[in-house]
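Colleague: Start from chain A and add chain B with the ligands according to the hints.
Top line first, the protein sequences correspond to chains A and B. Residue numbers 16 to 480, in my numbering, belong to the letters of the first sequence in order. Residue numbers 197 to 340, in my numbering, belong to the letters of the second sequence in order.
Any given hint could be a false lead.
Each computed DSS-like pair below joins lysine-lysine, with the alpha-carbon atoms no more than 27 Å apart [what the hints assert, rightly or not]: (1) A:Lys-46 - B:Lys-206; (2) B:Lys-318 - A:Lys-46; (3) A:Lys-112 - A:Lys-193; (4) A:Lys-327 - B:Lys-206.
If you want the ones that stay clear, here's a sample from chain A, every Cβ over 10 Å from chain B, calculated [stated by the list, open to error]: (5) Leu-19; (6) Pro-25; (7) Thr-187.
The hints are simulated quantities; they were obtained by calculation from the structure and are not laboratory data. Note that the Cβ used here is the ideal one computed from N, Cα and C, for glycine as well.
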Amino acid sequence: MSPLGSAAQPLRVAIVGAGPAGFYAAERLFKESELVIEVDLYDRLPTPFGLVRNGVAPDHQKIKSVTAAFDRIAANPRFRFFGNVELGRDISVDDLKDHYHQILYSTGAQTDRPLGVPGDDLIGSHPATEFVAWYNGHPDYRDCEFDLSQERVAVVGVGNVAIDVARILCRTPDELLKTDIANYALEQLRESRVREVHILGRRGPAQAAFTAPEAKELGELADCDTIVLPEEAELDPLSQASLAGADRAELRKVEIIQELSRRQPTGKSKRLVLRFLVSPVELIGDENGRVRQMRLVRNVLYATDAGSLRPKATDHFETLDVGLVFRSIGYRGVPLPGVPFHDSWGVIPNAGGRVLDPATQEPLLGQYTAGWIKRGPTGVIGTNKPDAAETVENMLADARAGRVLAPTQATAAAAEALVGGRQAHVVTYADWRRLDALELSHGKEQGRPRVKFTRVDDMLAALAE
Amino acid sequence: MKVRNILATKGGRVITIAPDKTVREAVALLVHHRIGAIVVADESGHLIGILSERDVMRTAAADEGVFGRPVADVMTREVVIGMPQDDVLAVAHTMLEKRFRHLPIVDDGRLIGIISIGDVLKTQRDAYQGEIETLETRIIAEGE
Ligand SMILES: Cc1cc2nc3c(=O)[nH]c(=O)nc-3n(C[C@H](O)[C@H](O)[C@H](O)COP(=O)(O)OP(=O)(O)OC[C@H]3O[C@@H](n4cnc5c(N)ncnc54)[C@H](O)[C@@H]3O)c2cc1C
Ligand SMILES: NC(=O)c1ccc[n+]([C@@H]2O[C@H](COP(=O)([O-])OP(=O)(O)OC[C@H]3O[C@@H](n4cnc5c(N)ncnc54)[C@H](OP(=O)(O)O)[C@@H]3O)[C@@H](O)[C@H]2O)c1
Chain A
16 MSPLGSAAQP
26 LRVAIVGAGP
36 AGFYAAERLF
46 KESELVIEVD
56 LYDRLPTPFG
66 LVRNGVAPDH
76 QKIKSVTAAF
86 DRIAANPRFR
96 FFGNVELGRD
106 ISVDDLKDHY
116 HQILYSTGAQ
126 TDRPLGVPGD
136 DLIGSHPATE
146 FVAWYNGHPD
156 YRDCEFDLSQ
166 ERVAVVGVGN
176 VAIDVARILC
186 RTPDELLKTD
196 IANYALEQLR
206 ESRVREVHIL
216 GRRGPAQAAF
226 TAPEAKELGE
236 LADCDTIVLP
246 EEAELDPLSQ
256 ASLAGADRAE
266 LRKVEIIQEL
276 SRRQPTGKSK
286 RLVLRFLVSP
296 VELIGDENGR
306 VRQMRLVRNV
316 LYATDAGSLR
326 PKATDHFETL
336 DVGLVFRSIG
346 YRGVPLPGVP
356 FHDSWGVIPN
366 AGGRVLDPAT
376 QEPLLGQYTA
386 GWIKRGPTGV
396 IGTNKPDAAE
406 TVENMLADAR
416 AGRVLAPTQA
426 TAAAAEALVG
436 GRQAHVVTYA
446 DWRRLDALEL
456 SHGKEQGRPR
466 VKFTRVDDML
476 AALAE
Chain B
197 MKVRNILATK
207 GGRVITIAPD
217 KTVREAVALL
227 VHHRIGAIVV
237 ADESGHLIGI
247 LSERDVMRTA
257 AADEGVFGRP
267 VADVMTREVV
277 IGMPQDDVLA
287 VAHTMLEKRF
297 RHLPIVDDGR
307 LIGIISIGDV
317 LKTQRDAYQG
327 EIETLETRII
337 AEGE
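One chain only, chain A, in its complex shape:
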């Protein structure tokens, strides 16, 4: 038998999830010069790029351009894309074990964390994850409904996703027209009656999870005044002390918030109010079960043993009239059938990316993980590169030591036959490039960067033409 990783018997790797982590992992595998490695990259959607396509805000087109770097990785002759193939629906872990030496799960974080307060499930209260997927044209979320006839909206959480959601709600139709926002979302946002968006942080400005450039952008919206209450922009002594050791980016963020708090409204037609030190304690509905109000409690900060500042509720409450609520308090991974899962953190248990057997805490042979499903839903696109590299180093070490699965059908042809037998409409990378070209040309016709396909059937129909 030829040695594993030779031209006669390449090391065959399945990567499940074609987001940044999956692509960076493939790139790192291809950099390995001593082993011949073949990568099949699977995604449940016909389109690659994960949250770069379906998460990154449509008004951040420059960031979306990273996908051209992923195209380069896909151009490697040992790379294949199996789009529209879902682990758990079309194929199983056992199928993969039978066809690959190594499997890497990079399925990201597909759902949201609940707020856990009464009224969280009222009509009009939504996870930000759904709104984000909706305006980005994710096929599973295109038919979601958000009542944009409401004038007042609350966004809970102060991460970059909360900022994205609030910003999209406050953009003018003209601003949105320059983006690749889904057509139906553009139409509905054009009719939107939203006038006031409240972003609610449970801690202070120094602990806000969003980053400085995103905060700055809030102050530069075409027809929306951004407001910060001066008393909430001021730092308490604990926060002030914590900034002593902070880096420039952290200081800059606080400066921007304080600068916003000194501004006076200029009479623009929308208002974005950025609040701090408040937590929702209850969502209150009307007789039809629609959210009408949110009860907030004011918090003060205290330091934990290890020095982080946490919110503690006081006995001061206030009520906010809102007709629409988005909770943006973090994404959450979902379990994959046949793969271990850490339920309270929503990740695959692992050590340096080697998937662990929960019973023994020992690595499972040939199974790995990278990206958000490995470390949790945090970090920018590029954070997944060192993360994937760590996992791939361990994969290569294991492959060199012969610690790999024992597939009975370790050929590219066998894998293709397997997939083709399970899913009649496998989307290849060449297919995706055709869809991409069509989306770009539809965009051009409308003077927009891109007009997305938002239905899997439409994508398949376009490919069949």
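Modeller: For chain B with the ligands alone, kept in the frame of chain A given last:
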């Protein structure tokens, strides 16, 4: 970023030692697992102290017989404890400020892991690296 994001990729096993074991046994564990400190826990798994390389060195400087002594004699009892929801940034600050290198993490009264200053700094480095990689990926893309 939170402490749980560091713990997520470190595996769930925490190495502990009982207080009546000898320092020799503790040192063997430190060397075997290539760690710089070990949590000292009683029979019910409760944390009662931490034994670090430094504790051993400090005692050894005055007592040649350190290896035969029980861990309880040599360990640090005043242990700063972290939670999975602690901010990595704040923890880094505290560890540097108060000059300790290992932070046991407790959740709902249960010891679930330990992070070292090395873990914390690596995570911060990866976060910076991530910003740079995002830019670099964009530059590669725009070079098309
Ligand atoms: C709303 C939002 C905006 C963001 N904006 C920015 C930004 O502006 N700049 C920035 O740098 N970072 C941004 N990020 C962060 C960045 O998107 C993430 O760091 C990154 O996408 C995570 O990569 P991943 O590969 O782990 O997961 P993902 O990108 O989520 O990719 C996971 C992939 O796995 C697929 N998948 C899931 N389950 C299965 C299955 N069972 N079978 C097959 N395939 C499956 C999914 O379809 C998806 O394509 C943003 C994140 C969000 C949520
Ligand atoms: N432009 C960009 O670069 C961009 C855009 C979007 C996303 N991203 C990245 O993607 C990652 C995920 O972003 P994210 O915004 O989903 O997550 P995040 O950055 O972790 O922010 C989550 C926010 O929710 C708050 N929160 C959590 N639980 C809460 C509760 N029970 N009640 C009230 N508030 C609560 C958090 O506050 P506490 O801190 O108090 O827990 C925090 O403000 C981040 O790393 C982000 O930087 C980047």
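Colleague: Determine for every hint whether it applies to the structure shown.
Modeller: Now for the hints, and whether the structure bears them out:
1. A:Lys-46 - B:Lys-206: holds, 26 Å
2. B:Lys-318 - A:Lys-46: holds, 23 Å
3. A:Lys-112 - A:Lys-193: violated, 45 Å
4. A:Lys-327 - B:Lys-206: Violated, at roughly 30 Å.
5. Leu-19: The claim stands: Leu-19 (chain A) keeps its Cβ more than 10 Å from every Cβ of chain B (closest is about 26 Å).
6. Pro-25: Since the minimum Cβ distance to chain B is about 26 Å, Pro-25 (chain A) lies beyond 10 Å and the statement holds.
7. Thr-187: holds, 27 Å
Violated hints for the displayed structure, listed by number in ascending order: 3 and 4.
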